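Number of protein chains: 2
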Amino acid sequence: MPKKVLIIGGVACGGKVAARLRRLDPEAEITVLEKGDFLSYAGCGLPFYVQGIVKEYRDLMSTPIGVVRDAPFFRKVKNIEVLTRHMAVQINRASQTVAAVDLSSGKEKVFHYDDLVLATGASPIRPKLPGIEMNRVYTLWTMDDALALRAALDSGKIRKAVIVGGGLVGLEVVEALHSRNVEVSVVEALDRPLPALFDPEFSGRIRKVLERKGVSFFGGERVLEILGSDCEVTGVRTDARELPCDMVLMAIGVRPNTTLAQEAGLEIGPLGGIAVNPEMRTSDPHIYAGGDCVETFHRLTGKAVRQPMGSTANRHGRVIADAIAGKKAEFKGVLGTAILRLFEFTAGRTGLGVEAAREAGFDPISVSIMNSDKPHFMPGSAPVILQLVADRASGRILGGQAFGAGEVSKRLDTLVAAITGNMTIDDLADADLAYAPPYSTALDPLTHAANTLRNKSNGLLKTYTPLEVQEKVRNGEDFILLDVRSPEETQRDGRLPFGNITYIPLGALWEKAASLPKDREIIAFCKISVRGWDALSILRSQGIENVALLETGVAGWPFQLDA
Amino acid sequence: MPKKVLIIGGVACGGKVAARLRRLDPEAEITVLEKGDFLSYAGCGLPFYVQGIVKEYRDLMSTPIGVVRDAPFFRKVKNIEVLTRHMAVQINRASQTVAAVDLSSGKEKVFHYDDLVLATGASPIRPKLPGIEMNRVYTLWTMDDALALRAALDSGKIRKAVIVGGGLVGLEVVEALHSRNVEVSVVEALDRPLPALFDPEFSGRIRKVLERKGVSFFGGERVLEILGSDCEVTGVRTDARELPCDMVLMAIGVRPNTTLAQEAGLEIGPLGGIAVNPEMRTSDPHIYAGGDCVETFHRLTGKAVRQPMGSTANRHGRVIADAIAGKKAEFKGVLGTAILRLFEFTAGRTGLGVEAAREAGFDPISVSIMNSDKPHFMPGSAPVILQLVADRASGRILGGQAFGAGEVSKRLDTLVAAITGNMTIDDLADADLAYAPPYSTALDPLTHAANTLRNKSNGLLKTYTPLEVQEKVRNGEDFILLDVRSPEETQRDGRLPFGNITYIPLGALWEKAASLPKDREIIAFCKISVRGWDALSILRSQGIENVALLETGVAGWPFQLDA
Chain G
131 MPKKVLIIGG VACGGKVAAR LRRLDPEAEI TVLEKGDFLS YAGCGLPFYV QGIVKEYRDL
191 MSTPIGVVRD APFFRKVKNI EVLTRHMAVQ INRASQTVAA VDLSSGKEKV FHYDDLVLAT
251 GASPIRPKLP GIEMNRVYTL WTMDDALALR AALDSGKIRK AVIVGGGLVG LEVVEALHSR
311 NVEVSVVEAL DRPLPALFDP EFSGRIRKVL ERKGVSFFGG ERVLEILGSD CEVTGVRTDA
371 RELPCDMVLM AIGVRPNTTL AQEAGLEIGP LGGIAVNPEM RTSDPHIYAG GDCVETFHRL
431 TGKAVRQPMG STANRHGRVI ADAIAGKKAE FKGVLGTAIL RLFEFTAGRT GLGVEAAREA
491 GFDPISVSIM NSDKPHFMPG SAPVILQLVA DRASGRILGG QAFGAGEVSK RLDTLVAAIT
551 GNMTIDDLAD ADLAYAPPYS TALDPLTHAA NTLRNKSNGL LKTYTPLEVQ EKVRNGEDFI
611 LLDVRSPEET QRDGRLPFGN ITYIPLGALW EKAASLPKDR EIIAFCKISV RGWDALSILR
671 SQGIENVALL ETGVAGWPFQ LDA
Chain E
131 MPKKVLIIGG VACGGKVAAR LRRLDPEAEI TVLEKGDFLS YAGCGLPFYV QGIVKEYRDL
191 MSTPIGVVRD APFFRKVKNI EVLTRHMAVQ INRASQTVAA VDLSSGKEKV FHYDDLVLAT
251 GASPIRPKLP GIEMNRVYTL WTMDDALALR AALDSGKIRK AVIVGGGLVG LEVVEALHSR
311 NVEVSVVEAL DRPLPALFDP EFSGRIRKVL ERKGVSFFGG ERVLEILGSD CEVTGVRTDA
371 RELPCDMVLM AIGVRPNTTL AQEAGLEIGP LGGIAVNPEM RTSDPHIYAG GDCVETFHRL
431 TGKAVRQPMG STANRHGRVI ADAIAGKKAE FKGVLGTAIL RLFEFTAGRT GLGVEAAREA
491 GFDPISVSIM NSDKPHFMPG SAPVILQLVA DRASGRILGG QAFGAGEVSK RLDTLVAAIT
551 GNMTIDDLAD ADLAYAPPYS TALDPLTHAA NTLRNKSNGL LKTYTPLEVQ EKVRNGEDFI
611 LLDVRSPEET QRDGRLPFGN ITYIPLGALW EKAASLPKDR EIIAFCKISV RGWDALSILR
671 SQGIENVALL ETGVAGWPFQ LDA
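As they're listed, the protein sequences go chains G and E. Position in the first sequence (from 1) plus 130 gives the number in the working numbering. Position in the second sequence (from 1) plus 130 gives the number in the working numbering.
It does not matter which identical chain is meant; a pair holds if it fits inside one copy or across any two.
Taking lysine to aspartate or glutamate pairs in the DMTMM-like style, the calculated list, with each CA pair at most 20 angstroms apart, reads: (1) Lys134 - Asp244; (2) Lys165 - Asp275; (3) Lys592 - Asp155; (4) Lys134 - Glu409; (5) Lys133 - Glu211; (6) Lys462 - Asp557; (7) Lys458 - Asp556; (8) Lys457 - Glu675; (9) Lys134 - Glu159; (10) Lys206 - Glu641; (11) Lys287 - Asp275; (12) Lys457 - Asp556; (13) Lys185 - Asp275; (14) Lys258 - Asp369; (15) Lys642 - Glu618; (16) Lys433 - Glu489; (17) Lys338 - Glu474; (18) Lys258 - Asp360.
Hints were generated in silico from the structure; no laboratory data involved. Note that the structure is a prediction, hence the values are computed from the model and not measured.
All chains, full assembly: derive it from the sequences and hints.
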């Protein structure tokens, strides 16, 4: 007898389970209950629909050849029964049934299952703030959200917006609003953008992008109230200021939709998502769950994490379908990989940051470098900043961050593979990456980063991060900051914001090095700290051994510069 | 006493040895002898200078901040003595000296060394053809070559060009000439472009690009004579035709410059390059060699290979400098990675192809897929074709090819890392690659390729390559080719060039599948073979089990289509 498989939720994970299962089991009776109107749409594409880059919302839920993935499509092409506007309201584990309400008719129906899949997704958090119920207080998580937000923008009445939350969703919408001539302010409870993803230095670089584009960023502020009159938003009051606006986007995070699972007595994990094993099975062996409603685990630490992303949901869906079909299948965990386009810049991260690596019991060593993504003589060449984190003893690569106007995503995915393959710093430095001038420098920035970390790990090079240098200055430590750029560059590109900097252009350093004191630490830098590295050789040749490099130089400095 | 290090050759490897060694050893006396005028230039950038994308030749040999890397630069900034126009003529290993001629004065000088580095590069092959000595018969390997070729193009007298050799250099110049309104023909002794790098199918796709751009490709033809009068080229005669032209580019390969090494009695490897151990030491422990003049080895097979590329030369240089400075250093081999831009397309490859994998003792399994590089709703979305090769038993990834107008280089470098990290198909499929719509699809094309190979390896899917299908048709095998595209697509995009194709659009297949015979193999396909995969499920549900998929569908078909 064909297996009855019931799937609750038809967006990312649910759709993937259904499609994959059909390929594995031509006989199974597959039914999908989706409470909304829309199926299998690209949730991550919503900001681009709001921006207008994606013209029609139907584009987000059609196949590459333009066929809309609606219920008739699933029936006709995949022999999958999809019921939209059907809200599951109760799971009865004993009878293996699900009760659902047909939202069009109001009638309740009961569905039997041999295997049940929960792909109920997540919901954006709407805190109980005064004024939260007013018009034009949006979230952006579902297609309905996107339709509402775009309609508001199309109305031409939105001039000023406040985005509450400086995380991934908040920043994805920044560009959408900015490109539609909306004045944008971002309010974030922590002190910097994307605090959950990036370290303070990469966050600082992202903040500079926002400021350069005229987007106001208010970090470390809590929103107390949404202001308005006649149910129309007029502003946001934080603990530090009032920000007038015509709309508010609440983007402080999402919560997994676990009510059904909880009421059915399924186990919930420490982070509030449905708990599943590596086969994506819940505490009931006939019930699987995947996508935004579950918590998953980190590949390197094994610890529970939440990663509500379409890519993760699709991977979950494949494992679930395989498990239901009786194939060997196991989810292998996530690396917390994330990537964001912000105007002409890209920011990305994967794996463990320095702090997380330390907490996980590693002894992390890290370095950041700045380089061109391709040779400077090629048109469109632009900088990238890469940070690598590795375990000191084993050399194993644990994580990294990347930022810049140059090609970042390639280096990020290569790094993801390096971590997944348990590669060491040496392995990465020795990888035969593809070289031709349209695509990379002869030694790719990633190779350069790995070589620099190798130098650091072998004791050939000592470096400080911008934060560490800032800290040393604040603590009044006695050291020399040596800027080896030319006077023209110093003039044009700005100076580090510290009073006591020694300026000696690299070309003059052989002559002048002797005049530098031998008993104080010298931290050298230039624009990106490649000449800074040369400076260290020169200083060493003069018997000055207590030398170090400021990572990423003036161009990568994440904080304010002096003019 | 400071170590005396003498380096012969100052372009890629030589320059890297000098710079790295200076950082490791501030005291060493480093001297570079370069027979030409130009130092540390980006040889791989020469085609872009010829094309005019790189405006000034000096850009190819300047630092990112615009300082030309000439002899004064090396002296002032790096304390390295560089002598241009100094041609080394003899190595005396007993006395550890090198005799060199100063080409400006004609005088011979003798240089002592503790360690000698041969970075003598390679030279393009100029076969002894009748007419080869005429004007406007170019090669493109050195800066001098590029200056000559660009001057000829700037003169406006070049209307038609013949490129002899359809390898990497030849094809890199195609675009340069084409963009300057030169009518280009390529003559290649083997039957297809880039025969040493790509399999016939990827070569076929590249050939289609050439033809679409109006570049004539004559495969399987040998050039017999260069025609001309008064020392001016007027054409090329092959064994099949005469091609009139105003210039010829000889691009049939390069030969490592080994004369000095050979005369000094150093060991030469099986491929004609200087033999070195993993520390890049020659058969004389005081003499190292690296870059285009040596032969190196394949990371996966250990076999000797030549890989005359700037990236390899730089990696060699780092190992040599480390070895000279007494650090632990070992070159880890290459993967034969190569990447080429051809108009708006990119083609790349790494690792072992199917044939090479078999020769190396693996039992290869492979698949090619076609997918968008990012979601179809994002502007600029474009297809990529990826091929993966793995070892059947272990699942270890061995190699791959990539081609398309979409983002290819990211997938290629990720694959390089996957091979370097000894990843399996499963590891790659499960890698948490970065997803956001500007950068990839929810499951990256590489994930999709790995999943497809996983399906194939697990027996869930049988596929044929275009060549295999072509072969089956030629052999008169009895099977059904099932095209499940819509009639509009079939009309618009062309048909496979075979008489007997069954056309049933996917949406009608559930109804019509029963009419198909159950006793003959059915090979399904669509535009890219995603719907083809759905078709297999439908056929199986009707009890038709002998089914397979044509890889990459009609859009990826590498040969001529029917209109």
